[in-house]
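Put together the whole structure using the sequences plus the hints.
Protein chains: 2
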Amino acid sequence: MATATTAQTDLVLLMRQMGQKARAAAAALVRLTPEQKNEALARMADGLRKAIPHLKEENAKDLKAGEERGLAGPKLKRLELNDRRLGEMIQALEDVQRLPDPVGEIIEMSTRPSGLRVGRMRAPIGVIAIVYESRPNVTSDASSLCLKSGNAVILRGGSEAIHSNSAITDVLRGALEGTAVPPDAIQLVPTTDREAIGAMLGLEDLVDVVIPRGGRGLIEMVLRDARMPVLKHLDGNCHVYIDEHADLEMAKRLTVNAKTQYPAVCNAAESLLVHRAVAETALPPTLSALIDAGVEIRGDETVCKMEPRAKAATMEDWDTEYLDLILSVKVVDSLDEAVGWINTHGSHHTDAIVTRDHGHAMRFLNEVDSASVFVNASTRWADGARFGLGCEIGISTDKLHARGPMGLRELTTAKWIGLGDGQEVI
Amino acid sequence: MATATTAQTDLVLLMRQMGQKARAAAAALVRLTPEQKNEALARMADGLRKAIPHLKEENAKDLKAGEERGLAGPKLKRLELNDRRLGEMIQALEDVQRLPDPVGEIIEMSTRPSGLRVGRMRAPIGVIAIVYESRPNVTSDASSLCLKSGNAVILRGGSEAIHSNSAITDVLRGALEGTAVPPDAIQLVPTTDREAIGAMLGLEDLVDVVIPRGGRGLIEMVLRDARMPVLKHLDGNCHVYIDEHADLEMAKRLTVNAKTQYPAVCNAAESLLVHRAVAETALPPTLSALIDAGVEIRGDETVCKMEPRAKAATMEDWDTEYLDLILSVKVVDSLDEAVGWINTHGSHHTDAIVTRDHGHAMRFLNEVDSASVFVNASTRWADGARFGLGCEIGISTDKLHARGPMGLRELTTAKWIGLGDGQEVI
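Protein sequences appear in the order of chains A and B. Using this note's numbering, read the first sequence as starting at 1 and increasing by one per residue. Using this note's numbering, read the second sequence as starting at 1 and increasing by one per residue.
Hints may be right or wrong, so weigh each one.
Counterexamples of contact, computed for chain B against chain A with all Cβ distances above 12 angstroms [said to hold, decoys possible]:
no.	residue
1	8
2	13
3	39
4	50
5	77
6	98
7	226
8	250
9	316
10	404
So the derived list for chain A, only partly shown, Cβ under 7 angstroms to chain B, looks like this [said to hold, decoys possible]:
no.	residue
11	190
12	250
13	320
14	372
15	425
Just so you know, these hints were derived from the structure itself, not from any lab. Don't be surprised by glycine CBs; every beta carbon is placed ideally from N, CA and C.
Next comes the structure, spelled out in structure tokens:
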């Protein structure tokens with residue numbers, strides 16, 4: 001017990017020191033030019049490129065440990081640093097380098113009647129903590145976005161990726177030596193002890209915002225204990241709704257794409273709704289194509305009658321993010337029912353309608369209360385890079401500040417500025 | 001004890017019912033046209049106009065109770081509904097009516113390489129709770145802004161304004177009868193029991209955001225107990241910094257204006273910093289003008305030597321929002337010291353520099369970490385109406401989502417929308 005208390009005190013101390021280093025780094029970052037930050041990003045990309053064999057070795061340790069712990073297919077795949085993933089990480093660093101620097105950007109300047117010029121200017125948030133699970137590419141993606149937007153970052157990855165994350169962070173910090181960016185702009189919490197997260201969440205004077213990405217348990221813990229604002233990245237229980245006025249061939253293609261193109265990620269479809277008027281024509285080919293692609297169907301009564309290979313969905317299925325080749329399928333009687341169902345059972349992440357009807361498309365856009373809403377496109381498009389944000393720090397399921405894919409701009413705050421020549425208020 | 005528990009259960013039940021009514025009203029609001037909302041706002045303005053004598057009567061009860069409890073001058077003044085204040089409330093309702101409706105506004109639409117058109121669309125946040133103290137005009141200002149932005153609002157005013165707030169809310173809800181807006185779009189918590197706030201802060205499924213405006217104790221409580229995001233409105237410990245390159249006549253005018261034009265509000269100056277190089281020429285006339293205007297000066301050693309009528313400032317003074325005719329005054333050695341001092345002792349609300357030097361102005365804008373930063377203008381300009389936002393729901397001291405004066409736009413969320421014709425992700 002005495003040991004536990006000492007260990008906790010040590011953790012609090014460690015996290016406070018990391019917070020102080022981050023705060024000092026943030027104060028330095030706010031004064032840098034875009035050129036100085038881009039030079040650092042270029043060196044970070046070079047560093048990763050040269051370290052590829054080493055990064056793969058370290059990643060192999062995590063993969064082996066994951067397999068030994070029985071990590072399932074798609075989840076293990078998220079952990080893997082193969083050539084393609086590493087190439088994407090390096091590419092992302094170079095993409096971020098080319099993106100315009102958001103800091104100092106002046107938006108919406110206008111002249112008020114008194115002659116005072118009033119507008120808003122983007123500024124770094126300060127210190128950002130990111131708590132995430134699994135995917136080690138987040139370590140470099142998040143670092144580059146925070147650096148470019150002038151923020152210091154404290155990273156806390158999952159224990160299953162500790163070797164990969166440590167290796168990536170060491171390479172990135174090493175690359176910062178000799179640049180204008182202090183290496184403490186990027187710090188990784190060196191312990192997998194979960195108490196470290198709790199200690200960090202009490203540092204409201206040193207950490208400006210915490211971004212949790214991971215399972216519901218982790219996010220609930222962060223929401224409960226954080227003394228600073230939280231931008232959460234919850235489940236993606238994403239829906240495709242095939243409207244009565246859908247192009248059924250397109251509906252089939254988009255459903256298969258949304259479900260199977262990369263099932264382990266949060267913007268993959270987890271549930272299919274079909275309007276009753278087209279259920280008999282739309283469902284058989286769509287379900288066959290899904291089953292051919294290896295998808296398990298969990299349907300309501302109508303669906304199970306129509307497709308003998310479908311299993312009966314339980315109440316739990318409608319609220320589940322499978323992250324796997326499983327899809328729940330339900331027949332609805334109206335657009336109203338579809339919208340109400342999505343707003344109740346969905347996770348306000350990403351949902352799509354397939355329809356030719358303009359009025360239905362507009363109602364779906366207006367009334368579905370989700371971060372990303374699509375008409376006639378795959379839910380898989382909900383992605384920072386695909387939206388043109390360079391790369392993303394995550395997909396926020398919050399409504400405030402940042403909703404949906406978060407890029408550079410979402411890592412800044414906008415302060416009001418007023419330029420006068422002596423204006424008093426009368 | 002049994003009674004207390006019953007009372008608490010009743011409060012939880014009451015607040016949950018209010019939350020459910022608000023959620024239902026929000027679902028109706030999202031479908032309304034701008035015309036329907038403007039018609040409701042027009043009737044609300046008419047309602048207030050006809051109720052002026054009644055509102056004054058009810059306000060007199062609050063003023064009498066306030067005086068009896070010994071409420072001080074400027075604080076009592078915040079509570080008063082005189083003809084000018086009532087006129088401003090009605091004017092604000094009419095101003096909000098004329099502002100463009102933010103809901104459905106599509107921003108930043110672009111076409112991605114696949115042909116998918118991607119952009120963002122403003123949507124209501126949903127249900128907004130506002131917890132505030134003193135000023136009863138907030139009741140109608142907040143109601144109009146929430147309604148126009150398609151949100152249902154739950155208001156919890158201070159006990160000192162309960163008669164005024166109840167009267168205003170009754171008039172506004174009455175005005176909604178027979179319009180397309182359900183009266184439950186505007187609800188006032190009918191009890192001054194502080195436990196009601198705690199009960200409300202647990203309703204994360206029914207309330208999307210809570211906006212506290214008031215003393216530090218209230219805001220700390222909200223931050224600790226709220227399960228939903230908080231947009232806080234903390235103190236304004238605002239600074240005026242007279243740079244070594246200042247126009248000293250302008251510096252005097254702006255300091256007097258920032259301190260005395262309306263000392264009871266959060267954007268009034270509470271502290272003056274002066275560069276040592278101009279202290280001897282700038283301070284005597286400035287301090288004399290302030291003292292002539294009834295301001296008590298609390299200075300550092302240099303200031304007290306220069307002006308015998310000044311009292312010595314304590315450490316506490318530098319961190320204090322007086323909301324009264326008191327000003328702390330300090331001499332600094334450099335712009336760096338001024339910026340560091342403001343970022344440490346200020347409240348990140350509103351700060352101003354008086355200078356002719358462009359480089360110093362730009363450094364102050366970039367490095368002062370406050371919601372509003374002014375060059376050569378009074379801190380009193382930090383105000384939604386003066387910034388052209390119509391009227392404001394408050395001045396956020398948060399960095400995320402909304403910083404500084406919050407108007408209509410800050411009461412919306414921006415969802416991503418994607419308009420396709422069958423785009424899959426490959």
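Now for the hints, and whether the structure bears them out:
1. 8: holds (21 angstroms)
2. 13: The claim holds: residue 13 of chain B sits with its nearest Cβ about 23 angstroms from chain A, beyond 12 angstroms.
3. 39: It holds; residue 39 of chain B is separated from chain A by about 20 angstroms at its closest Cβ, greater than 12 angstroms.
4. 50: holds (31 angstroms)
5. 77: With a cut-off of 12 angstroms, residue 77 of chain B remains clear of chain A, as the shortest Cβ separation is near 17 angstroms.
6. 98: holds (16 angstroms)
7. 226: For residue 226 of chain B, whose nearest Cβ neighbour in chain A is about 10 angstroms away, the distance does not exceed 12 angstroms, so it is violated.
8. 250: It is violated; residue 250 of chain B is separated from chain A by about 4 angstroms at its closest Cβ, not greater than 12 angstroms.
9. 316: holds (19 angstroms)
10. 404: violated (4 angstroms)
11. 190: violated (28 angstroms)
12. 250: holds (4 angstroms)
13. 320: Violated. Min distance 19 angstroms.
14. 372: Given a least distance of 4 angstroms, the restraint on residue 372 of chain A holds.
15. 425: holds (4 angstroms)
Checked against the numbered hints above, the structure breaks hints 7, 8, 10, 11, 13 and satisfies the rest.
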